[in-house]
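Asker: Here is what each chain is made of, one letter per residue.
2 protein chains.
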Amino acid sequence: MKNTTSFEIAKLCGVSRGTVYRALNNKPGIKPETKEKILRVANSLGYRPNFVAQSLVKKKTMTIGIIVFDLNNRIFSQIINSIESYGRKNNYFVYLTLSHKDSDLEKEQIQYLVDRQVDAIIMMSVNKGKEFEDFLKQFNIPIVTFGNKISENIPFVWINDKQAIKDAVSYLHNKKYTKIIYVCPQLGHLYTNENKYSPEQRLEGFIEALEELDDMNAEIVSTHDYLQTIHELVSHSSEKIAILCTSDIYALQVAKSLKKNNIKIPEDVGVMGFDNIDILEFTSPALTSISFSLEEIGRSLFNSIMHLINEEDAPKEILLDHNIIARESV
Amino acid sequence: MKNTTSFEIAKLCGVSRGTVYRALNNKPGIKPETKEKILRVANSLGYRPNFVAQSLVKKKTMTIGIIVFDLNNRIFSQIINSIESYGRKNNYFVYLTLSHKDSDLEKEQIQYLVDRQVDAIIMMSVNKGKEFEDFLKQFNIPIVTFGNKISENIPFVWINDKQAIKDAVSYLHNKKYTKIIYVCPQLGHLYTNENKYSPEQRLEGFIEALEELDDMNAEIVSTHDYLQTIHELVSHSSEKIAILCTSDIYALQVAKSLKKNNIKIPEDVGVMGFDNIDILEFTSPALTSISFSLEEIGRSLFNSIMHLINEEDAPKEILLDHNIIARESV
Chain A
1 MKNTTSFEIA KLCGVSRGTV YRALNNKPGI KPETKEKILR VANSLGYRPN
51 FVAQSLVKKK TMTIGIIVFD LNNRIFSQII NSIESYGRKN NYFVYLTLSH
101 KDSDLEKEQI QYLVDRQVDA IIMMSVNKGK EFEDFLKQFN IPIVTFGNKI
151 SENIPFVWIN DKQAIKDAVS YLHNKKYTKI IYVCPQLGHL YTNENKYSPE
201 QRLEGFIEAL EELDDMNAEI VSTHDYLQTI HELVSHSSEK IAILCTSDIY
251 ALQVAKSLKK NNIKIPEDVG VMGFDNIDIL EFTSPALTSI SFSLEEIGRS
301 LFNSIMHLIN EEDAPKEILL DHNIIARESV
Chain B
1 MKNTTSFEIA KLCGVSRGTV YRALNNKPGI KPETKEKILR VANSLGYRPN
51 FVAQSLVKKK TMTIGIIVFD LNNRIFSQII NSIESYGRKN NYFVYLTLSH
101 KDSDLEKEQI QYLVDRQVDA IIMMSVNKGK EFEDFLKQFN IPIVTFGNKI
151 SENIPFVWIN DKQAIKDAVS YLHNKKYTKI IYVCPQLGHL YTNENKYSPE
201 QRLEGFIEAL EELDDMNAEI VSTHDYLQTI HELVSHSSEK IAILCTSDIY
251 ALQVAKSLKK NNIKIPEDVG VMGFDNIDIL EFTSPALTSI SFSLEEIGRS
301 LFNSIMHLIN EEDAPKEILL DHNIIARESV
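Each protein sequence line maps, in turn, to chains A and B.
The numbering of the first sequence is the UniProt record's numbering, which starts it at 1 and goes up by one.
The numbering of the second sequence is the UniProt record's numbering, which starts it at 1 and goes up by one.
If you are wondering where the hints come from, they were derived from the structure by calculation, not from laboratory data.
Where hints are given, some of them may not hold.
Treat identical chains as interchangeable: a pair holds within one or across any two.
Calculated lysine-lysine pairs in the DSBU-like style (CA-CA distance at most 35 Å, straight line) [said to hold, decoys possible]:
hint	residue 1	residue 2
1	175	11
2	260	60
3	107	37
4	60	35
5	11	137
6	107	31
7	240	130
8	107	35
9	11	107
Can you make the complete structure from the sequences, with help from the hints?
Answerer: In structure tokens form, the structure reads like this:
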């Protein structure tokens, strides 16, 4: 397609390119009838602005870079779905990049997004610490994070992970469970350089909740072979046990494994998940889980980034609501 | 961050900007020692190319636009996951846009992606027909499609939908079912302007398969209240019935509804899905389904688009393998 230029429109309308610019960009200093004529001509010629050329002038590309681990995780796809929808309504386009939880790759992608002059970045980071914060600061570009907080200085949108787990423990306590096995394989070996803010907050919530309860025993399973460990714990116990997992996928794996060993849920052992992913209605048993709105998180991320792009302040931390969805598994 | 320019590098090295350009872009016509010096200086200054300015010169933005319905559908997220991974390895970035199955919005987004000068577009389209093909042609930009074919002239990567359904019918026939209820709510009212190439192909496969079998009865349910219709069909029949659904999500809805009415799967009625989505291992009963590799589809889409970007031919149609994953539901 041959692209109509503002030069051609100026020639056809017998006006200057400055006048065409004013008409097309809704600027003052132009007679209404001239403006109307220019817009009519531009429209009839199928004029489309050259965004790439414009972005050199305006210093805005109207694009937002997003960095997440991958799209296999429903949390990420649904948050991006939401950001894209709000972005589109505001003429922002989305550059999508995946870090695959690789800290070097993540840094490389930030660098690439900056090179491509995105106006802002929304990310769930693998990197953490002062050095990473300084790395980000050098680019002088608006950044908003979710899931894993990087610093008090970089706006963060998520839920109150600590309180969510406290609520779950209290819910299980009310259901008369006497022991909770807390399953958090994301934590793995605790002391790594990986940003594990969200799972760490949840673990802290679990420990704080237990400190307030005299009549609740607990085990923490943070290894990748958690199914094996759980079996040993469950088969050597006479307590009323609930297994609280930090993601639904772990909870579903646990439930599947228990069923295979003829352990009934919830009669013998209770199982509870986190995230309330959209297919829980089809699983057996229907899983009790902690729910929060990914659509809302996407909306808040987009709003915060708009504030920063417009050089306004954005809240340093927005923690959205969560709630427990009671189904059949506890 | 202040961006080091090629002008500064030229000054510091005492060479022309043309020489700097040759060094940074690996072009001939430069002495090895000069090149090495320029690269060392560029590196020490933290030089990063200005992609936006470059793309005006090179007429390439190294970006690919992707248009899908939404990211709630696992099929889309996993294909994009794959395209992004192959893209990244080849220095291509991905612009993601969602059409939400709105044909006007889809056209608008194609226009926007073209305005932003993406090098190519990969899409599953809602639009169809000669008029849409002409709409696309005017942009003179490489386009590869999947799922819903637009035309024999536009490269298409997918599976052989028709054969997949034929294989499913044959599988159910071998399992001694005497009647198949074919559930395809995507088709809705058959005569619309929406591109329903994939569901239409599947329906054709179903009809062709039946024509070859004398001893198989069938019903086609293409309405959105399919659960109600299925109940009536199942409760008034003494045949050995299998319900073949054109997506796992429908199959899971059907299974849930049958169980609620105390109809046993597969003892009373068989249920089979399509897509083999990744959570089927957790559903009850474990669903028999048709599987195909989304990773492979992403790879083929990326390869085809690279051919077109490099002005080589791309195959007009690539149909990848599918196979039946036998679980417990038929």
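Asker: Tell me, please, which holds for residue 107 and residue 37 at an alpha-carbon limit of 35 Å: within, between, both or neither?
Answerer: Intra 49 Å, inter 26 Å, cutoff 35 Å: inter-copy only.
Asker: When no copy is named, should residue 107 and residue 35 be tagged within, between, both, or neither for a Cα gap of at most 35 Å?
Answerer: between (46 Å within a copy, 27 Å between copies)
Asker: Measure nothing new, just compare the shortest in-copy and cross-copy C-alpha distances for residue 240 and residue 130 to 35 Å and report within, between, both or neither.
Answerer: This pair counts as neither: shortest intra-copy Cα distance 44 Å, inter-copy 66 Å.
Asker: Have a look at residue 11 and residue 107 and pick one of within, between, both or neither, based on CA distance no larger than 35 Å.
Answerer: between (47 Å within a copy, 30 Å between copies)
Asker: Between the shortest in-copy and the shortest cross-copy C-alpha distance, which are at most 35 Å for residue 60 and residue 35: within, between, both, or neither?
Answerer: both (24 Å within a copy, 33 Å between copies)
Asker: Regarding residue 175 and residue 11, is the shortest C-alpha distance of 35 Å or less found within a copy, between copies, in both, or in neither?
Answerer: Result: close neither inside a copy nor across copies, 78 Å intra and 74 Å inter.
Asker: For residue 107 vs residue 31, is the C-alpha pair at or below 35 Å within one copy, between two copies, both, or neither?
Answerer: Between. Shortest inter-copy distance 33 Å satisfies the 35 Å Cα cut-off; intra-copy 50 Å does not.
Asker: Is the C-alpha distance from residue 260 to residue 60 at most 35 Å within one copy, between copies, in both cases, or in neither?
Answerer: Answer is neither; intra-copy 57 Å and inter-copy 55 Å both fail.
Asker: Using 35 Å as the alpha-carbon threshold, which applies to residue 11 and residue 137: within, between, both, or neither?
Answerer: between (46 Å within a copy, 28 Å between copies)
When each numbered hint is compared with the structure, violations occur for hints 1, 2, 7.
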